[in-house]
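Start from chain A and add chains B and C according to the hints.
Residue numbers (the working numbering), protein chains in the order written: chain A, 1 to 226; chain B, 1 to 203; chain C, 1 to 226.
Errors might be hidden in some of the hints.
Derived BS3-like pairs (lysine-lysine); straight-line CA-CA distance at most 25 Å [unchecked claim]:
id, chain 1, residue 1, chain 2, residue 2
1, B, K95, C, K154
2, C, K207, C, K189
3, C, K141, B, K95
4, C, K92, B, K95
5, B, K95, C, K169
6, B, K95, A, K136
7, C, K154, C, K165
8, B, K95, C, K183
9, C, K104, C, K92
10, B, K160, C, K154
11, B, K95, C, K61
12, C, K183, B, K160
13, B, K160, C, K181
14, C, K113, B, K95
15, C, K43, B, K95
16, C, K169, C, K154
17, C, K169, C, K211
18, C, K155, B, K160
One side of the interface only, derived from the structure: several residues of chain A facing chain B at Cβ under 7 Å [unchecked claim]:
id, residue
19, F22
20, M25
21, C26
22, L29
23, I86
24, I88
25, A92
26, P118
27, C124
28, L127
29, G176
30, M184
31, I185
32, T187
33, G188
34, G193
Covered by chain B, according to a simulated footprint, are these stretches of chain C (three or more residues, beta-carbon under 8 Å) [unchecked claim]:
id, stretch
35, 9 to 17
36, 20 to 27
37, 141 to 150
By construction, these hints were calculated from the structure, which means they are not laboratory data. Just so you know, these numbers come straight off a predicted model, no measurement behind them. Quick reminder that beta carbons are idealized off the backbone N, C-alpha and C, glycines included.
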Amino acid sequence: MGNLLNIFITSIFIENILLSFFLGMCSFLAVSKRVNTAMGLGIAVVFVLIITAPINWVINNQLLVPNALAKFGFPNTDLSFLRLIIFISVIAAVVQLVEMIIEKFSPSLYMSLGIFLPLIAVNCAILGVSLFMVEKDYTFQETCVFSLGSGIGWWLAILAMACIRDKMSYSNVPAGLEGLGITMITTGLMAMGFMCFGGISLSNDEANAEPSVSNICYNQENHIKF
Amino acid sequence: MTIKKIIYNSIWVSNPIAFQVLGVCSALAVTVKLEDSLVMGLSLTLVVALSNFLLSSIRKLIPNRIRIIVELAVISSLVNIIDEMLLAYYFEMSKALSVFVSLIITNCIVMGRAEAFALANSPVLSFFDGIGNGLGYAVVLGIIGSLREIFGSGTILGLKVIPQYLYDIGYVDNGLMLIPPAAFILLGLVIWIFKSLGGAKGE
Amino acid sequence: MHSSRYTLVFTFCMCVFISVLLAGTSAVLKDRQLLNKKIDVQKNILVAAGINIVHVNQVEKLYNKLVTPLLISSNGKIIKDSQNEDDQNFLKIFCIGHKDSPEKIASYVYPIKGKGLWSSLYGYLSVNPKGDTIIGITFYKHGETPGLGAEIEKKWFRDNFAGKKLYEKEKLVGIIVAKGKAKYNINYKQKSQSMVDGISGATITSKGVQKMLYKEPLKYHIFFNK
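Isolated chain A, as found in the complex (with noise of 0.2 Å):
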């Protein structure tokens, strides 16, 4: 429990998908504009994960991995190579399905979020949460945990940015730093500000802790385990 804890606090704050991983920009920036979008797209963008990370998951462990279909009778078989494009047809699939579903009861959302509603599909965040949990190897609950978190931690970020730029509207902003410019800019000092939480560590993994160069005891009855 206190793992999926973890998981969850370090995916929103710690490794924020967004604002330290760098995914998930192109609509971010574009969308931040006005709170209320930023918060249809955010909300979307959760959705959409909450759905798709468990659902690759078990695609990928019970499909693709080598020898996983050996209990239908096909023993041997890798099919890994057809990770990406599997992954990536399941969040267009979701994403088509949150489209109509949002055209039918907001049409004003549908019409704010324009092309980035479709643009959903690749944004890199979902595949990146995707690729993240194959990568590390996560379990169902703990893909489950991860992939909200991120998606939070995603909706965080740009639900901040769109009040930020809120209050920008009120500043004097040069010509050409106008809109996109200094969005950029306060992109970057929001990411640095949040790589303030990179020096937190939560876990109390064994498996985690720094090799102490000046305490290492190797005792020579003891046996290795590999």
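Same frame as chain A, now just chains B and C:
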């Protein structure tokens, strides 16, 4: 629209990074050194041009309801096949490019131009639109890459350009340039320059 | 627009076409790719051991002449039988002969694996016959950021490891990857024999390399210290 005008527009008037806000993710990640920026820029140019061409050729056949998935399928298959061929015939190059592969598939420029241009124009024009946007992207990446490499490591394309005597009197490489936030700030300044010097006025 | 039936037919044809295309390409090119990967692995082993490769054609010949792959069990015994190569309890190690007299052991090379920022790091570590000094290191697979984490595969980073000691007074200490240049590190005076320059801006990757260079040599400790 002539081909020349398309390319000129894509680089200067509606640059994909500076004006269309596409392709920013990778612009931050790979611009630590100029060499990687150029590799990324050129690979992306190739992919956008080809995918535009392919999608434009089948544009009349694609049902509207599933067009995003079809675009993604075409783009990822294209990149996948290029990657497989590199693995078989140019192994060293494929190892160098392997990181860029996933960055290219999810690059907003490829999808963005497919939606905005290829689905409504002829294959040949779409091909050159792809080249133009890819080059526009490469130009911005090249500028940021060179600045980050010069100030962050004192080199350009791996060759030392800051003379040793400057280091001796106390000059230090700017470590800030190596971390992604610097890329954001540099990009903001580059956009400022692009907007002030020409290109489309305002948003 | 297009009718539903058309959409279904189109989708079906597209799926079939793409599947055939991708699977076909993969199948046709598989042999060449495997051969390339095999030669790449052999090349990495030779380069780690400090053997100069001028042309790719030399790799296979030199490998067959100088390299003897061995399997060792968890208590350091060499197992000549290579039938159970995939067994988790066995470790791979390669015995490198001298260029002029291949029967004499010049060095040992063993595979190393660690976690970077975005991906797992795979490489080969070459040590002297006693196992306490590094001769060379190579990384043949990783997915780190170009210019930052990816610098681990560059010559400047790898050359620093030559001659570094893994052991201090019979105790395994691993290698410390300093933040920035090693000579500015606080512990430089006492620890310079086991310290290398880090990569500016790639802290997590550098820490990953450090952890890896303690955990992996630990596995072979019994073999070298019988």
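Going down the list of hints, with the structure as the test:
1. Among the hinted pairs, B:K95 with C:K154 is consistent with the structure: their alpha-carbon atoms are about 13 Å apart, no more than 25 Å.
2. A distance of roughly 21 Å separates the Cα atoms of C:K207 and C:K189; the hinted pair therefore holds under the 25 Å criterion.
3. A threshold of 25 Å between alpha carbons decides the hint, and for C:K141 with B:K95 the separation of about 8 Å falls inside it, so the pair holds.
4. Only pairs whose Cα atoms come within 25 Å are accepted, and C:K92 paired with B:K95 is accepted, the gap being roughly 24 Å.
5. At roughly 39 Å between alpha-carbon atoms, B:K95 and C:K169 are farther apart than 25 Å, so this suggested pair is violated.
6. Taken as a hint, the B:K95 and A:K136 pair is honoured in the structure, with Cα atoms around 22 Å apart against an allowance of 25 Å.
7. For the suggested pair C:K154 and C:K165, the alpha carbons sit about 21 Å apart, so the restraint of at most 25 Å is met.
8. A distance of roughly 32 Å separates the Cα atoms of B:K95 and C:K183; the hinted pair therefore is violated under the 25 Å criterion.
9. Between C:K104 and C:K92 the alpha-carbon distance is near 19 Å, which keeps this suggested pair within the 25 Å criterion.
10. Distance hint between B:K160 and C:K154 is fulfilled; the C-alpha atoms sit about 16 Å from each other, no more than 25 Å.
11. Annotation: proposed proximity of B:K95 to C:K61 holds, straight-line Cα distance about 23 Å (limit 25 Å).
12. Restraint check for C:K183 and B:K160: the C-alpha separation of about 21 Å stays at or below 25 Å, so the hint holds.
13. Restraint check: the Cα-Cα separation between B:K160 and C:K181 comes to about 17 Å, which is no more than 25 Å; the hinted pair holds.
14. A threshold of 25 Å between alpha carbons decides the hint, and for C:K113 with B:K95 the separation of about 18 Å falls inside it, so the pair holds.
15. For the suggested pair C:K43 and B:K95, the alpha carbons sit about 14 Å apart, so the restraint of at most 25 Å is met.
16. About 31 Å separates the Cα atoms of C:K169 and C:K154, which puts this hinted pair outside 25 Å; it is violated.
17. Restraint check for C:K169 and C:K211: satisfied, since their Cα atoms lie roughly 20 Å apart, inside the 25 Å limit.
18. With a C-alpha separation of about 16 Å, the suggested pairing of C:K155 with B:K160 holds against the 25 Å cut-off.
19. A cut of 7 Å between beta carbons decides the hint on A:F22: the least distance to chain B is about 5 Å, and the hint holds.
20. Nearest Cβ of chain B to the Cβ of A:M25: about 4 Å, under the 7 Å cut. The hint holds.
21. At about 4 Å, the closest approach between the beta carbon of A:C26 and any beta carbon in chain B falls short of 7 Å, and the interface hint on this residue holds.
22. Proximity of A:L29 to chain B holds as hinted, the smallest CB-CB distance being about 5 Å (cut-off 7 Å).
23. Given the 7 Å rule on beta carbons, the hint for A:I86 is violated: about 10 Å separates it from the nearest Cβ of chain B.
24. A cut of 7 Å between beta carbons decides the hint on A:I88: the least distance to chain B is about 5 Å, and the hint holds.
25. With a cut of 7 Å, the hint placing A:A92 at the interface with chain B holds, because the nearest CB-to-CB distance is about 5 Å.
26. The restraint placing A:P118 at the interface with chain B holds, with a minimum CB-CB distance near 5 Å, inside the 7 Å limit.
27. Checking A:C124 against chain B: minimum C-beta separation of about 5 Å stays under 7 Å; hint holds.
28. The interface hint given for A:L127 is met, as the beta carbon of that residue sits about 5 Å from the closest beta carbon of chain B, less than 7 Å.
29. With a least beta-carbon distance of about 4 Å to chain B, the hint placing A:G176 at the interface is held under the 7 Å criterion.
30. At its closest, the beta carbon of A:M184 sits 3 Å from a beta carbon of chain B; the interface hint therefore holds under the 7 Å criterion.
31. For A:I185, the interface hint holds, since its Cβ comes within 7 Å of a Cβ in chain B; the closest pair sits about 4 Å apart.
32. With its C-beta approaching chain B no nearer than about 5 Å, A:T187 sits inside the 7 Å limit, and its interface hint holds.
33. Satisfaction of the interface hint for A:G188 is found here, the shortest Cβ-Cβ separation to chain B being roughly 3 Å, below the 7 Å cut-off.
34. For A:G193, the shortest C-beta to C-beta distance to chain B is roughly 9 Å, which exceeds 7 Å, and the interface hint is violated.
35. Three residues within the 8 Å Cβ limit are the bar, and the stretch 9 to 17 of chain C against chain B gives 3, so the coverage statement holds.
36. Counting residues of the stretch 20 to 27 of chain C whose beta carbon lies closer than 8 Å to any beta carbon of chain B gives 4, which meets the minimum of three for the stated coverage.
37. With a cut-off of 8 Å between beta carbons, the stretch 141 to 150 of chain C has 7 residues touching chain B; three or more are needed, and the interface restraint holds.
Of the numbered hints given earlier, the model fails hints 5, 8, 16, 23 and 34; all others are met.
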